[in-house]
Amino acid sequence: MPNNPHVAAVVLTLKLAGLTTLILLLIGTPVAWWLARTRSWVKSAVGALVALPLVLPPSVLGFYLLVTLGPDGPIGHLTQSLGLGTLPFTFGGLVVGSVLYSMPFVVQPIQNAFEAIGERPLEVAATLRASPLDTFFSVVLPLARPGYLTATVMGFAHTIGEFGVVLMIGGNIPDKTRVVSVQIYDHVEALEFAQAHWLAAGMVAFSLAVLIALYALNPTGRRT
Amino acid sequence: MNATAQVAAQVRARFSVTYAPFALNCDLQLPGRGVSALFGPSGSGKTTALRVIAGLEHASHAYIEVNGTVWQDDERGIFVPPHRRAIGYVFQEASLFAHLDVRGNLEYGMRRIPQDGRRVSLAQAVALLDIGHLQQRKPATLSGGERQRVAIARALATSPGILLMDEPLAALDIKRKAEIMPYLERLRDELDIPMLYVSHAPDEITRLADHLVLLEAGSVVASGAVAQLLTRLDLDIAHGDAASALISGVIVAQDDEFQLSCAQFNGGALWLPQQSATVGKSVRIRIQARDVSLSLAPQRDTSILNILPVTIIGLSEDAAGQVMVALDAGGTPLLSRITRKSAVAMQLRPGAAIHAQIKGVAILR
Chain S
1 MPNNPHVAAV VLTLKLAGLT TLILLLIGTP VAWWLARTRS WVKSAVGALV ALPLVLPPSV
61 LGFYLLVTLG PDGPIGHLTQ SLGLGTLPFT FGGLVVGSVL YSMPFVVQPI QNAFEAIGER
121 PLEVAATLRA SPLDTFFSVV LPLARPGYLT ATVMGFAHTI GEFGVVLMIG GNIPDKTRVV
181 SVQIYDHVEA LEFAQAHWLA AGMVAFSLAV LIALYALNPT GRRT
Chain D
1 MNATAQVAAQ VRARFSVTYA PFALNCDLQL PGRGVSALFG PSGSGKTTAL RVIAGLEHAS
61 HAYIEVNGTV WQDDERGIFV PPHRRAIGYV FQEASLFAHL DVRGNLEYGM RRIPQDGRRV
121 SLAQAVALLD IGHLQQRKPA TLSGGERQRV AIARALATSP GILLMDEPLA ALDIKRKAEI
181 MPYLERLRDE LDIPMLYVSH APDEITRLAD HLVLLEAGSV VASGAVAQLL TRLDLDIAHG
241 DAASALISGV IVAQDDEFQL SCAQFNGGAL WLPQQSATVG KSVRIRIQAR DVSLSLAPQR
301 DTSILNILPV TIIGLSEDAA GQVMVALDAG GTPLLSRITR KSAVAMQLRP GAAIHAQIKG
361 VAILR
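Same order as they appear, the protein sequences are chains S and D. Using our numbering, you'd call the opening residue of the first sequence number 1 and step up by one each time. Using our numbering, you'd call the opening residue of the second sequence number 1 and step up by one each time.
Just chain S, same shape as in the assembly (with noise of 0.2 Å):
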């Protein structure tokens, strides 16, 4: 059983999902925040944006994140004249390509759940003297934790069942960009059925517990 790749693949795999879980929580609250709460004309397009992942082909988004991070790509520009070379085929290209690919699985639980508080709570926080940060420490947070629940399971095992994007922005570099989703597909198309199985029915129970323990922990919070 050629154990070690698979190991090496699985904690890629994790590693990738906690940093743009991560990632996407200390972004997606404030645009979370912005969006629940503001009234301008641009809402509703910053929000089509957040949620074009939902819609969009995988493979879609990561050929154009390959475009514009690649070495004539505007951002690829970016990047090589800060002396930090370009972005595809790393494990950076991957966060980035994980984080916009899972954004919408974020932030749209944490703002359903800021929009659920609605501005009384605020309000009678700052008639209790709390300042607006006050308030979204004090408040906001720990109302919104059932929200929070669900973005960082649904962020987090989403990101680990991601397959287009990474294949698309990350090929296939074993202990740099070959995580689980890209391994099983190599398997199989080496016809190693067995191999795939391992890793394929480990996704399957991973899922499956991570679903259950969301579900049982947050029976009434809202899902995606």
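Just so you know, nobody snuck in bad clues.
Non-contacting residues of chain D with respect to chain S, defined by C-beta distances greater than 10 Å in every case (computed):
no.: 1; residue: 63
no.: 2; residue: 74
no.: 3; residue: 219
no.: 4; residue: 239
no.: 5; residue: 299
no.: 6; residue: 350
no.: 7; residue: 364
Some chain S residues judged to face chain D by a derived CB distance under 7 Å, without partners named:
no.: 8; residue: 120
no.: 9; residue: 123
no.: 10; residue: 124
no.: 11; residue: 126
no.: 12; residue: 127
no.: 13; residue: 128
no.: 14; residue: 129
no.: 15; residue: 130
no.: 16; residue: 131
no.: 17; residue: 142
no.: 18; residue: 143
Keep in mind that the hints were calculated from the coordinates and are not lab data. Virtual Cβ for every residue (Gly too), placed ideally from N, Cα, C.
Please arrange chain D on chain S, whose structure you already have, making use of the hints.
Positioned in the frame of chain S, the structure of chain D alone reads:
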């Protein structure tokens, strides 16, 4: 309400708010102590006025000053955000924080007040609202009345310079209202915190308010001492079935044999159903206009105990066939509603000295 408190007006609020088609224009000058009530039908702008004073609504061209502190002055570009205003705000729905227990809710505001600014202790707020036994409970497990008491205590625990109450009883049923009212009276009587109380229920006004502001369709119709406004014939509030006068008196004697108490006020004395109150205690008495009849000469052969010499101030048409008569009993205003037929037969006119027979009195405290 005494005259000095009115002169030393300590709440100034001048502002306009426009949410087409609704426009609210106010210029309020309210006493810096006691309970001032904002009264009017729904949509008259009461709640908006309160929100402007709290800073929750950003009015234009506003000047808000409370107890010598300017909270908003658009001419000088001053707008103090709500969390820096020394207010206690009680919303119509208790709006407790669902993620905190009662204790956590009570401490939320208090912890944000510097130590030397804490004039109302948590223990005092808890005792005043009688919620000591609820402290470990989550808001969801409380009754509507209990929730509102916690919300009031939570606002008090911030040691506010003014307590703003937005129809705190409106979301409760009659039983719960009756449960909370005594606590509100206690706040008024035991704390030296001015209250601004929004309501559309006349009985809350007569029980609580010292000063009354009548709002209608976004503007102030009248503002003054509650006993005066309730009996002003040019105002709607002095007409109809619920029209009544308020008398402030002091218990001066107890008659244990007949189970009566005697209350002295400016215009004389009234016999009341016996009060547990001791001699010397002040009482607020409501006399409904429909419980007062008039006679030209004092009646002797009558079962009515309370007969007061009064002077007619004015007469005004009321409901069909009815006349509302404004009376003065030694400086205390009264109302009497009689038939127009009687008014004509008795040739009642302003200035005439007659007698008022009071069939019923309600003691409000």
